[in-house]
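Asker: Sequence:
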Amino acid sequence: MKLFIPTLIAGVALTLNHADALNVKLYGVNYSIRKGPEWASVDGKCKTEAEVAKDMETLATVTERVRINNLLDCNVSSLVLPAAKKAGLKVHLGIWVSKGEEQMQNGKDQLASLIQSGLYDNNVVAVDVGSQSISREQVDADIAVTQLNSVRDQIRQSGFDTPVTIAETIDTYVANPKLTDAVDFVNIIYFPFWERVQSNEAASRVLDRLRNLRMTAELAHKNIEIAETGWSSRGTDPNAAVASPQDQARFLLDMHHVYVENEIPFYWYTSSDQPWRVKEIEANFGLFTNNTLKPNIDQLNITLTNANFIQNEATSLYLSESVNEVYMWEKSNDTMATEEQVWRWNPDTQQLRCQSNFQCLDAYQPQDRGFVHMWPCIDTERNQKWNFDPDSKQLKHASYVGLCLDIDILRSNRIQLFTCSNSSLTQKWQFFEKPSAY
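Numbering-wise, the sequence shown is residues -21 to -1, 1 to 417 according to mature numbering (1 follows the signal peptide of the UniProt record, and there is no 0).
Don't take each hint at face value.
[To be verified] Computed cross-link-like contacts, DSBU-like style, restricted to lysine-lysine with a CA-CA straight-line distance of at most 35 Å:
id, residue 1, residue 2
1, Lys273, Lys375
2, Lys69, Lys33
3, Lys310, Lys413
4, Lys201, Lys69
5, Lys157, Lys364
6, Lys69, Lys273
7, Lys24, Lys4
8, Lys407, Lys273
9, Lys69, Lys413
[Said to hold, decoys possible] Pairwise CB distance ranges, derived in the manner of DEER restraints:
id, residue 1, residue 2, range
10, Gly214, Leu389, 50 to 56 Å
11, Arg115, Phe164, 17 to 23 Å
12, Asn54, Val302, 31 to 37 Å
13, Asn101, Leu283, 27 to 33 Å
14, Lys4, Lys33, 48 to 54 Å
15, Phe164, Glu259, 31 to 37 Å
16, Thr294, Asn2, 37 to 43 Å
17, His200, Gly79, 30 to 36 Å
18, Asp121, Gln84, 35 to 41 Å
19, Arg115, Asp277, 31 to 37 Å
These are calculated hints, taken from the structure and not from any lab test. For each residue, glycine too, the CB sits at the ideal point set by N, CA and C.
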């Protein structure tokens, strides 16, 4: 375990190279070939081959993968596959599933055609069999698994080992454990935006909602991806969160941290605004408008901070989080329990954020034995401001001068604020950098 040099704790944040657009590459972005409503003519509804090619070139500036949830709509798969490959993008395909067998069979026929023509190759990174088809009550879980196995067999018999999965809600996966057993990886559709959560709390909500399913998937040796998540930049709805450019950018920023830190890849919904949609709030989930990156996204600078374990010298125990509470515990080797002991220091905001729940260390009682807990990160919240003194090894509260992070050994190692004392070992902390392959 590498000791994290104290002089670096207060000031280091890894800034990735600035690019012409985003300064990072997103894991993936959802793509729609539609440019008009369902009732429009083909020319008014569907993008042309040239328009799709231009879209792929544009998306390649911000991501490495595109996802489509339908093979047949506007001939999308036949147009996207060659254009994405030419632009250097991988493709996540989807077969749309509804009631009855006809649409499923049409999807399988199209898949066979793609394979036979050579458009389907190793540039395809995954295939969904259904997108919320169970939660939309189009099929039940048993039929969904049967459909999944049928498509997987078709792909394997064609000589490809592409992972095959089902894109569904968290609740659907939890209620139907057979889905986790059947898929090659768990693929989730989840929008905290539609739960009216504030944007600075949304990534924390994602991790909280995924907690139990992640444990189940880990036991089954299955990875988790998020097939769709996003945030609108404009419009209002009584059942939605605040839609604004700033809130959209904040959620994208935080979700990129979740992807990198917690190893939960996600596909942003969606690539471009869709002005043809009836509701304004549903029309503005895109990263782009008319192939131009939105200013709130273009100006976003995503930085990654170092991951640290924080050990108390008096007890040799580690600062830990569980169910949004903070406590001291022995070093863990379990994957998810380790996340509860990993802390990210942001020198710009003076916040300590726990990796497991995307919340910040917060103290709201400026007094001896003042309560310390976890709270949604708010950059301007004075209760969340801390400074590490490398000479005294103390975590000093930046707002409540003279108070330090302390533990009360006589009260089961309760974490608290207490008057700073250079002689108190319960106030001395060591930061150890988490190895990248830990």
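Asker: Are the hints correct? Go through all of them and say.
Answerer: So, going through the hints one by one against the coordinates:
1. Lys273 to Lys375: Not satisfied, since the Cα-Cα distance of roughly 40 Å exceeds 35 Å.
2. Lys69 to Lys33: holds, 16 Å
3. Lys310 to Lys413: holds, 12 Å
4. Lys201 to Lys69: Holds - the C-alpha atoms of Lys69 and Lys201 are around 21 Å apart, at most 35 Å.
5. Lys157 to Lys364: Roughly 45 Å between the alpha carbons, so the hint for Lys157 and Lys364 is violated.
6. Lys69 to Lys273: holds, 23 Å
7. Lys24 to Lys4: holds, 30 Å
8. Lys407 to Lys273: Not satisfied, since the Cα-Cα distance of roughly 46 Å exceeds 35 Å.
9. Lys69 to Lys413: holds, 31 Å
10. Gly214 to Leu389: 50 to 56 Å: About 55 Å separates the Cβ atoms of Gly214 and Leu389, which means 50 to 56 Å holds.
11. Arg115 to Phe164: 17 to 23 Å: holds, 21 Å
12. Asn54 to Val302: 31 to 37 Å: At roughly 49 Å between Cβ atoms, Val302 and Asn54 fall outside 31 to 37 Å, so the hint is violated.
13. Asn101 to Leu283: 27 to 33 Å: Holds, at about 30 Å.
14. Lys4 to Lys33: 48 to 54 Å: violated, 19 Å
15. Phe164 to Glu259: 31 to 37 Å: holds, 35 Å
16. Thr294 to Asn2: 37 to 43 Å: holds, 40 Å
17. His200 to Gly79: 30 to 36 Å: The hinted range 30 to 36 Å holds for His200 and Gly79, with Cβ atoms some 34 Å apart.
18. Asp121 to Gln84: 35 to 41 Å: violated, 18 Å
19. Arg115 to Asp277: 31 to 37 Å: Holds: the Cβ-Cβ distance is about 35 Å, inside 31 to 37 Å.
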